[in-house]
Amino acid sequence: MSIFTETCLAGPLALEIVWDGDMVTGLKLSWAEGRNRELRTPAGEAVQAALSRYVAGEGCHWPELPYAWDGMTEFSRQVLTELAKVPAGQKVSYGWLAARVGRPKAARAIGRVMANNRFPLIYPCHRVVGTSGALTGFGPGLDMKQYLLELEGAK
Numbered sequence: 009m010s011i012f013t014e015t016c017l018a019g020p021l022a023l024e025i026v027w028d029g030d031m032v033t034g035l036k037l038s039w040a041e042g043r044n045r046e047l048r049t050p051a052g053e054a055v056q057a058a059l060s061r062y063v064a065g066e067g068c069h070w071p072e073l074p075y076a077w078d079g080m081t082e083f084s085r086q087v088l089t090e091l092a093k094v095p096a097g098q099k100v101s102y103g104w105l106a107a108r109v110g111r112p113k114a115a116r117a118i119g120r121v122m123a124n125n126r127f128p129l130i131y132p133c134h135r136v137v138g139t140s141g142a143l144t145g146f147g148p149g150l151d152m153k154q155y156l157l158e159l160e161g162a163k
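For the sequence shown, the numbering used here assigns the number 9 to the initial residue and increments by one for each residue that follows.
In case anyone wonders, no lab produced these hints; they're calculated from the structure. Any given hint could be a false lead.
Claimed, not checked - Pairs of lysine-lysine residues, derived as BS3-like cross-links and limited to a Cα-Cα distance of at most 30 Å, are as follows: (1) Lys163 with Lys36; (2) Lys99 with Lys36; (3) Lys99 with Lys163; (4) Lys36 with Lys93; (5) Lys113 with Lys93; (6) Lys113 with Lys163; (7) Lys163 with Lys93; (8) Lys99 with Lys113.
With the hints as extra help, turn the sequences into a complete structure.
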């Protein structure tokens, strides 16, 4: 299998798609500064178009991609599936998400799932905040989390 990446750019955002053969093994979200767009596949082109619409405030409908879920627990998949239902601009707490997946005392476990989310933006872990509404952990940084929430019109 061949591992390669594609880089989508829109506004200040860069979203790198990591491929292993025909499966997406990860997405890496970062600031676009100093990055170059590099698209190789029709799927990459579709993600680029979706990212451009997202940054322009035109919604965030992401294309279906062949995600590699190997090594991910059923609990993690359940959490991410539920998270994908949270609308843009809405913030939820770790506890709320735990309750939604039937594990109301598992807020810390939800935090671990968010920390290990291989597919940010598509599975929008930036929408998960502390119970008080405080912004907490986000791999690309809290400034990125704040930017994404503001872009989506979160209160």
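Quick rundown of the hints versus the structure:
1. Lys163 with Lys36: Cα-Cα ~26 Å, so holds.
2. Lys99 with Lys36: Holds - the C-alpha atoms of Lys36 and Lys99 are around 21 Å apart, at most 30 Å.
3. Lys99 with Lys163: It holds: about 8 Å lies between the C-alpha atoms, which stays within 30 Å.
4. Lys36 with Lys93: holds (21 Å)
5. Lys113 with Lys93: holds (21 Å)
6. Lys113 with Lys163: holds (26 Å)
7. Lys163 with Lys93: Judged against 30 Å, a Cα distance of about 18 Å means the pair holds.
8. Lys99 with Lys113: holds (19 Å)
Taken one by one, the earlier hints all hold for this structure without exception.
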